[in-house]
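Number of protein chains: 2
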Amino acid sequence: MRKKNINASDVAKFSGVSQSTVSRVFTPGANVSEKTRRRVLQAANELGYHPNAIARGLITQKTNMIGIAMGDVKNPFYAEILGKFSYGLRTKGYHVLFVNTDTTDIQGEEVSQFLEYNVDGVIITDALLSSSVVTRFLENDIPVVLFNRYIEDCPCSIVCCDNILGGTKIGEHFLNTGHQRLAFIAGKRNTSTSKDREKGFREALRQKDLEPLLEFGEYTYHGGYAAAVRLLQMEQRPDGIFCANDIMALGALDAAKQLGIKVPDDVSIIGFDDIGMSAWPPYSLTTWQQPVDFMIQAAIDILIQEIDDSAQEPQHRLIQGGLIARNSVQLRTT
Amino acid sequence: MRKKNINASDVAKFSGVSQSTVSRVFTPGANVSEKTRRRVLQAANELGYHPNAIARGLITQKTNMIGIAMGDVKNPFYAEILGKFSYGLRTKGYHVLFVNTDTTDIQGEEVSQFLEYNVDGVIITDALLSSSVVTRFLENDIPVVLFNRYIEDCPCSIVCCDNILGGTKIGEHFLNTGHQRLAFIAGKRNTSTSKDREKGFREALRQKDLEPLLEFGEYTYHGGYAAAVRLLQMEQRPDGIFCANDIMALGALDAAKQLGIKVPDDVSIIGFDDIGMSAWPPYSLTTWQQPVDFMIQAAIDILIQEIDDSAQEPQHRLIQGGLIARNSVQLRTT
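Chains as they are written, first to last, in the working numbering: chain P, 1 to 334; chain X, 1001 to 1334.
Calculated from the structure, these hints are not laboratory results.
Computed from a prediction, not measured in an experiment: that's the story for all the values here.
Some clues are possibly wrong.
If you only want the chain P side, here are some residues facing chain X, beta carbon under 8 Å, derived [stated by the list, open to error]: (1) Leu82; (2) Val99; (3) Gln113; (4) Glu116; (5) Tyr221; (6) Asn327; (7) Gln330; (8) Thr333.
Quick reminder that beta carbons are idealized off the backbone N, C-alpha and C, glycines included.
Looking at chain P on its own, in the form it has when it is part of the complex (with noise of 0.2 Å):
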């Protein structure tokens, strides 16, 4: 039998409070001396008493849940953005329901979800979704944060690193350390992620007639493996490569390897996120740091905000990274 019978009543009685002391007390923000919380507290613990945050949920209307969907909980740095999330939201009173999207898009499925559990907030990672989608969660007033995907035009609020500026700065550092011949290994196609990088990796070599050869990795380790090995078995193969995300990049790395070219004495591979594995003696990956506990608090801050005031207008933040130079690109002389 469930302990779930023993209610606010009773916890009121036992302690000598009223009952409305005691919703107080469980209510978060909500005025009551130290001395009567701590009084409530120990009554409702020897009873075995906990508020019902569903029952509370239809009366506030706030259920302190966050829809989180996240495509690719594989690739490490989305994996480790997720418990960060899930840390910062629990220090500010919100809990995660947590959606793995399995194919990339978000679906009616995933949508009808954070609906139907009234979440009070949606964020959504590494997942495309159309602005119908957007449309539906803001209808319900569902505020929606998009962290590191960037839809033109979109009608909610975005935290993204720039990814434009990181592609730019690593075409330049390429230029600036002397190579000549360069080549794009890009994500999924369609992720606003890639595209932008390698917009941004484009303009910066236009400065110098150049052009990126192209291939495709599916932001992937084994397809960053694949493409390395066919750009590297060019006639003339490329002496830069630059990777969407580093988990290609290693791959590109270890495709290196095994063809016995050297890096970077025979080719520079530079990456792009700064996971943990980058760091790894073997790999010494030179790579785009994103700032990732700045861009989570600027996400958690931004949904409260417009959970807390529906007039709230979406905002849309670009946060910068910086280049992480470890011991995979070679100053080039001619």
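Put chain X on the given structure of chain P with help from the hints.
Leaving out everything else, chain X in the frame of chain P:
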């Protein structure tokens, strides 16, 4: 303004059916003709109606939410498992309330969260918990499945790889391939996974009157790296190292490389888990494969059985794995 004030009665009027028919359409498994179902869904769609899972939950005493607590989402093994649980539970109509426990202990706060949201069941992976925590869930009639954690005399269900067997088989494999000076790099102290793998390993070695050297690597890449450095710099270094998980074994492989000690020529290394990276060419790690898909399916099946029938006895399911031989072990002849 929220569209939420569109309710089942509006949908009933719009589609010309009774309100109870609308309810049946949105109740999984309820009896309703395909033609009616389609008519109601179309009306719901046009009006922007979605059933309120939370209100429904208060009536049915089912929320269709499963709480998942996970300690180390950064470990690729667990990140992958989370994605698979999310997918597997969704196909059964359940949703994931996710908690990342930054400490390795499941704390009161996480427990309260799951209780407050009235989850139908709880899955705990990669996190320690005391039996008093389990008791709190069971008292509230919320079934718990421990995934890859084993507690003696635990009153809840357990799905676990047979870690003792795995450790024994790895020990025997080292002995059968002529290794004589063996070491064990343990994971986090007090985790049943590490203790059981060590126990099995010791049992195998005892048959030849051998004792392993012992180091600790905290289940992280850097911990495994540092532990391997300590072992490989000993005057009489081991010729075989069993690491209690793969991510430590990858660290150990890199440490050997850094020290100029060849794997497998000078030292053999075996891991445990078979994460994706272990198959990457520069590692090619021999390891113990946990049959993850099968374990996840078993955990979901057991949990749902217990949700549907609270008289169900807890089950302890030990699942065997198998050795995946790659290139990190060499046959030694004396």
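Verification of the supplied hints:
1. Interface hint status for P/Leu82: upheld, as the beta-carbon distance to the closest one in chain X is roughly 6 Å, under 8 Å.
2. With 8 Å as the threshold, the beta carbon of P/Val99 comes within range of chain X, its nearest partner Cβ sitting at about 6 Å, so the hint holds.
3. Checking P/Gln113 against chain X by beta carbon gives a least distance of about 6 Å; that is within 8 Å, so the hint holds.
4. Here the hint on P/Glu116 is kept, as its CB sits about 4 Å from the closest CB of chain X, short of 8 Å.
5. Taking 8 Å as the C-beta cut-off, the interface hint given for P/Tyr221 holds, the closest approach to chain X being about 7 Å.
6. Evaluation of the P/Asn327 hint against chain X yields a violated restraint, the C-beta minimum of about 13 Å exceeding 8 Å.
7. Residue-level restraint check for P/Gln330 is violated (minimum Cβ-Cβ distance to chain X is 20 Å; threshold 8 Å).
8. Hint status for P/Thr333: violated, given a least beta-carbon distance of 29 Å to chain X, over 8 Å.
Comparing the model with each numbered hint stated earlier shows that hints 6, 7 and 8 do not hold.
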